[in-house]
Amino acid sequence: MKTGGLSLDQAPPLSIPTSFFLTIPLGILIAAGILLANGTMALSSPWVSQTLALAHAGTLGVLAMAMVGALYQMTPVIAGTPVPFTRIAHLVHGLFLAGLAGFIWRLLGGPVAAMSWAIISFELALVAFLLPLGWALLRPATHNETVQGMRLALLSLAAIALIGLLMARGYAGDTFAQNRVLWTQIHLTLALLGWVGGLIMSVSWQVIPMFYLSPVVNRTAKRWLLGLLTLGLILPFAVLFVGLEAGKLLSPGNIAAISALPAALVIWVLHPALMLQNIARRKRKRSDASLLFWQAGLGTALLLSPSAIAALLLPDPRWQVLFGWLAIWGWAALIIHGMLSRIVPFLVWFHRYSARVGLEPVPSMRSLLSQRRIRVGFFLHISSVVLGVMAILLQTDLLAQITGLLLVATAISLGSMLTHTLKR
Amino acid sequence: MVKSVSDNFAVLGSRTPEIVDLRDLEAPGPMEKVLLACSQLDEGEFFLAHVPHVPVLLFPHLESRGLRWWVHEEADQSALLLVRRES
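Residue numbers (our numbering), protein chains in the order written: chain E, 679 to 1102; chain W, 194 to 280.
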């Protein structure tokens, strides 16, 4: 039995997660600008600078921005240990934005110095973020599978940041690392499956039962999923030692991709199938627009394995771009958009109203954000995913630019949803 | 599931307050219900609820209102929460 021994005042100030969340629309607008200015050039091959810029506007400007903000919020609550020096989060945020600006500018033709600036900014941001978060997650008061998943995600972030920053030196006047394709594959695997997938999976174990009353995933299943995921994240590194010699039939990059199969199976097949089933079995089937994002995102996850196989086996680079588009803007961003539309009203209600419950009348959490507003955001987001798929497959500038316009509309909708809720 | 309430909460002694089941409420419903119920407790009175999970975010509110709490996590990750207004 636990009594008053848990650390209290666990939640960080509202301004910390929300400052990160509020700049997500900016990341979407950058992606939109790249599509509007470059059309299909940004959707033609993963090795084109404009495509790299588009992908990183999504991963750094949208996904990482949400995930870093969410980690500051969730770590003390879920792990039961406060994050030390929480106020540094504002510095991390600023450095992250500066890094993003320099990185995208350089990839779109800016000076070499822009990438050097980006590298320094990201390095400082990552150290200031990873050390306090790592410290809190390594000595949690509560040991559960979500904490383990968060640790795995953080470790993956550290690894992808290291690899990514080394590769970024190729754009900062240095030479690209040897075996660039192999390192890119490992960077991609750890980023999508370890960092993004690990965090989405472990957090969904908490938030889906909490917000939608779905059945709880049992501990044995969680441990198997985490074990398989870890295996699939470690195996690609084995390629570095044995694969380069053995790689006669397949390239080392392909061997690395194939060796991540256990992780891909967990993140893009088992976990989404399990969560979709649990959502269908929830206790009260109350209409909730934020659930549409979860269902669409998890549904898109199920398309990622065949899409990855096509990207791996077919020579046309459009399949690789399609995979990236579905993974970043389909699966991960849809889920994050949905989480924001549920978690931000919850945080506002918690920080502003919960202390007054029972003492005076307070608004309900649901009244802080209309379902209609969430549905509009969903419609815009899912339309941009579908239009983007068509633009990639058909390589039509007009479709790419319409996708860009839909991204602008999604950014405006998300930005207005966030500001409207935060003003309540 | 639950052995018996008094096994989990020795502080109750022979008292057996009714368990209010809040597991079918989505967040922040359980927090809201507990705070509402506890605002009506008299000194020394208990409130006992079965909540969907250990309500970490609720604890600071209980303490700031002069309420003492005990929690017991069940195997299914739900939790029994006992609250008493201190005399």
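Hints listed in this document are in silico derivations from the structure and should not be mistaken for laboratory results. Keep in mind that a hint or two might mislead.
To be verified - Keeping only pairs whose Cα atoms sit at most 35 angstroms apart, straight-line, the calculated DSBU-like set for lysine-lysine is:
no. : chain 1 : residue 1 : chain 2 : residue 2
1   : E       : Lys963    : W       : Lys226
2   : W       : Lys226    : E       : Lys961
3   : E       : Lys1101   : W       : Lys226
4   : E       : Lys961    : E       : Lys1101
5   : E       : Lys963    : E       : Lys1101
What the hints assert, rightly or not - Simulated restraints on C-beta separations:
no. : chain 1 : residue 1 : chain 2 : residue 2 : range
6   : E       : Leu928    : W       : Glu266    : 27 to 35 angstroms
7   : E       : Glu1038   : W       : Arg261    : 33 to 41 angstroms
8   : W       : Leu234    : E       : Gln955    : 37 to 45 angstroms
9   : E       : His1029   : W       : Glu238    : 55 to 63 angstroms
10  : W       : Ile212    : E       : Arg765    : 56 to 64 angstroms
11  : W       : Asp269    : E       : Val947    : 21 to 29 angstroms
12  : E       : Gln955    : W       : Thr209    : 34 to 42 angstroms
13  : W       : Ser257    : E       : His1098   : 27 to 35 angstroms
Beta carbons: idealized from backbone N, C-alpha and C, even for Gly.
The hints, checked one at a time:
1. E:Lys963 with W:Lys226: holds, 21 angstroms
2. W:Lys226 with E:Lys961: With a Cα-Cα distance of about 19 angstroms, the restraint between W:Lys226 and E:Lys961 holds, given a limit of 35 angstroms.
3. E:Lys1101 with W:Lys226: Since the Cα atoms of E:Lys1101 and W:Lys226 sit roughly 25 angstroms apart, the hinted pair holds (cutoff 35 angstroms).
4. E:Lys961 with E:Lys1101: This hinted pair holds, its Cα atoms lying about 32 angstroms apart.
5. E:Lys963 with E:Lys1101: holds, 29 angstroms
6. E:Leu928 with W:Glu266: 27 to 35 angstroms: violated, 48 angstroms
7. E:Glu1038 with W:Arg261: 33 to 41 angstroms: Roughly 23 angstroms apart at Cβ, these two residues miss the hinted range, so it is violated.
8. W:Leu234 with E:Gln955: 37 to 45 angstroms: Cβ of W:Leu234 to Cβ of E:Gln955: about 41 angstroms, so the range 37 to 45 angstroms holds.
9. E:His1029 with W:Glu238: 55 to 63 angstroms: violated, 29 angstroms
10. W:Ile212 with E:Arg765: 56 to 64 angstroms: violated, 41 angstroms
11. W:Asp269 with E:Val947: 21 to 29 angstroms: holds, 26 angstroms
12. E:Gln955 with W:Thr209: 34 to 42 angstroms: holds, 38 angstroms
13. W:Ser257 with E:His1098: 27 to 35 angstroms: holds, 29 angstroms
The structure does not agree with the numbered hints 6, 7, 9 and 10 stated previously, though it agrees with the rest.
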